[in-house]
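Chemist: Sequence:
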Amino acid sequence: MTDTPDLEALRRDVRAFLAAEAPAGWRDASRTQEDFVATQRDWFAKLVKAGYAIPHWPAAFPGGGRTLAEQKVIYEELAKADTPRLLLSFVSTYHAFATLHECASAEQRDRYLPRILEGETWCQGFSEPGAGSDLAAIKTKAERVSRPGGDVYVVNGQKVWSTMAQFADKCLLLVRTSSDGPKQAGITYLLMDMKTPGVSVRPIHQIQGDEEFAEIFLDNVEIPVSERVGEEGKGWAVAQATLASERGLTLMELSYRMRGALARVAALIQAHGHEDERGVLRDFGTLVTQVDAVCAIADQFLDNRIRGIERMGDASIVKNSYSRALRAYAKLGLRLGGMDEQYVAPITFGDLNTGNWMADFMNSYAWTIAGGSEEVQRNIIAERMLDMPREPKGWVL
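Note that the UniProt record's numbering numbers the sequence shown so that position 321 is 321, with each residue one more than the last.
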């Protein structure tokens with residue numbers, strides 16, 4: 001899809017902003033968690049001021065009300081300019097926004113949405129040690145109790161794999177208020193202040209050195225009933241709005257970022273004297289073709305969404321294509337780096353294409369699981385797009 005004159009003008013405006021404001025050397029400035037958070041907050045504030053942080057929000061907010069085509073232009077240019085991914089504010093601007101905008105009361109929206117733009121950070125308390133893919137199996141319990149200041153839910157349980165929870169101010173929390181009937185029927189959706197007594201957070205130290213995720217422990221945490229989204233026992237429907245909030249634009253942005261990061265592989269080829277080795281050049285050419293194909297698939301997906309012809313399963317194709325290309329990218333870089341890449345080296349927090357090839361290689365495997373495993377995505381493609389029969393529920397090897 002070619003740019004219209006209005007899109008060309010927007011693209012020029014975004015490029016001019018990036019030429020003046022894009023943070024230089026941000027990877028070196030994100031070597032510790034504290035520096036990463038500071039870099040993220042500063043860049044988010046600049047994007048909010050410029051009107052490029054929340055193009056998917058309503059027009060009442062700064063920079064909101066953009067068409068999907070305009071959003072695509074903005075994210076393309078952010079990726080091409082190699083700016084920091086907005087990882088710290090991602091749950092806030094997508095998951096929290098979608099939940100509040102679609103399901104919350106007017107009072108909750110008016111209270112929380114402006115504060116996100118001021119830098120308030122949200123995390124998501126959904127998954128539990130025994131409830132990941134089967135999210136409806138959550139066991140974190142909430143009991144309604146009367147207090148002099150009003151009714152509260154007393155919550156006990158544990159959440160896991162909560163992105164950036166150690167830095168969050170608020171939490172989108174799923175709890176069980178009833179065990180009667182289908183398991184989805186007893187789930188309630190709450191908004192929790194992370195500073196509430198009884199809330200403790202433990203970062204999960206990952207294999208490549210990052211701490212992107214955390215566990216949340218809830219011990220007699222009291223949450224006002226006024227912080228409930230929707231009716232009691234109806235939280236499953238609210239959770240669907242949260243989970244459906246975003247995928248296509250992020251995968252397009254990540255694909256373009258990986259295309260730009262191919263320059264790091266080319267630099268490795270030159271640094272290690274592989275310019276004339278046919279096998280290396282063949283493998284690099286294969287990788288370039290694979291990454292270009294992922295970008296084309298992501299572009300087509302968004303163009304189909306803009307034209308209103310998106311199919312169930314299209315997002316799964318993009319997801320699997322990207323995760324496989326990311327693994328191929330990191331694997332080739334690690335191989336070309338030789339023994340030099342086997343030593344411990346500083347990592348860049350919050351990035352997938354850092355140039356620390358061992359860290360990138362280990363992190364790339366997480367993307368075949370995160371956001372729905374590759375196997376789950378294949379089932380969606382098979383059943384929803386190819387109309388293949390569903391796997392029998394009682395089937396075993």
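Derived by calculation from the structure, the hints in this document are not laboratory data.
Hints are supplied without guarantee of correctness; some may be wrong.
To be verified - Taking lysine-lysine pairs in the DSS-like style, the calculated list, with each CA pair at most 25 Å apart, reads:
(1) K80 x K46
(2) K80 x K49
(3) K141 x K195
(4) K80 x K331
(5) K139 x K80
(6) K195 x K139
(7) K234 x K141
(8) K183 x K141
(9) K141 x K80
(10) K139 x K234
Chemist: Evaluate each hint against the coordinates.
Modeler: Here is how each hint holds up against the structure:
1. K80 x K46: holds, 18 Å
2. K80 x K49: Distance ~21 Å between K80 and K49 Cα, so the pair holds.
3. K141 x K195: holds, 19 Å
4. K80 x K331: holds, 23 Å
5. K139 x K80: Violated. K139 to K80 sits at ~43 Å, over the 25 Å cutoff.
6. K195 x K139: The given pair, whose Cα atoms are some 22 Å apart, holds under the 25 Å limit.
7. K234 x K141: holds, 15 Å
8. K183 x K141: Given pair K183, K141 holds - Cα atoms ~13 Å apart, limit 25 Å.
9. K141 x K80: violated, 45 Å
10. K139 x K234: Roughly 16 Å between the alpha carbons, so the hint for K139 and K234 holds.
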